[in-house]
Amino acid sequence: MPRSRLADYAEMMDTPAVMTSSREYRETGTRQGEQSSVQEPVPSPASSSSEAAVRRREFAALLGEFRRTAVLVPLGDGPGPDSERGLLTVDLGGIRFILAFSDEQALARYAVVRGESSREWTYQTILGARLLDVAVPAAGVPCGVALDCADGEDGMVFPPVCGIVPDAVAVDFDVNADGRTGGTA
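The sequence shown runs 1 to 185 under the UniProt record's numbering.
Just so you know, these hints were derived from the structure itself, not from any lab. Accuracy of the hints is not assured; some may be wrong.
Stated by the list, open to error - Cβ-Cβ distance ranges computed for the label pairs, FRET-style:
1. 90 to 118: 15 to 25 angstroms
2. 52 to 157: 11 to 21 angstroms
3. 130 to 90: 14 to 24 angstroms
4. 58 to 174: 20 to 30 angstroms
5. 49 to 86: 37 to 47 angstroms
6. 49 to 122: 41 to 51 angstroms
Note that beta-carbon positions come from the ideal geometry of N, C-alpha and C, so glycine has one too.
With the sequences and hints as input, model every part of the structure.
Right, dumping it as structure tokens:
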């Protein structure tokens, strides 16, 4: 039986990474083993609104980067040739999520978690914007994107809400009493 390249990536996971995850690096501004000389201030109630604004800006930057980045999207396990199989999805709480991965190593970690690292994984490379603007509406049900879902807190979820997916398929999209449309916050 031929060996999958993902099995090689899975074996590489046993070696320590030089740099921490992007989430950990964003939070601390340091690499593994380095100490930050900056003391984080203790948030006060007055600063909570500014902290929320900062987090919204950070998420907007992450969303923008995701939209500009090509990600790997495995094809589902359905029958038929690769060109006829759909994108790999999972349903959680009544919402479908398209699974996307930042690189082959992230896909390999997912394969290991599923216990399927020895099989061949067929995937497509798709721009994040195309996933959110085309694939999500095509799902026909509330749908978002889960990026690097095997990485726990280091993964990212792009839920089907206004500002992330097209308004017409967002779960928080609302038609006002006067007939105008808009997102609800």
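Hint by hint, here is what the structure shows:
The given range of 15 to 25 angstroms is respected by residue 90 and residue 118, whose C-beta atoms sit roughly 21 angstroms from each other. Checked against the given bound of 11 to 21 angstroms, the beta carbons of residue 52 and residue 157, roughly 18 angstroms apart, stay inside it. Look at residue 130 against residue 90: about 20 angstroms separates their beta carbons, and that is inside 14 to 24 angstroms. Roughly 26 angstroms separates the CB atoms of residue 58 and residue 174, a value that falls within the hinted 20 to 30 angstroms.
The hinted window of 37 to 47 angstroms between residue 49 and residue 86 holds, with their beta carbons roughly 42 angstroms apart. Look at residue 49 against residue 122: about 47 angstroms separates their beta carbons, and that is inside 41 to 51 angstroms.
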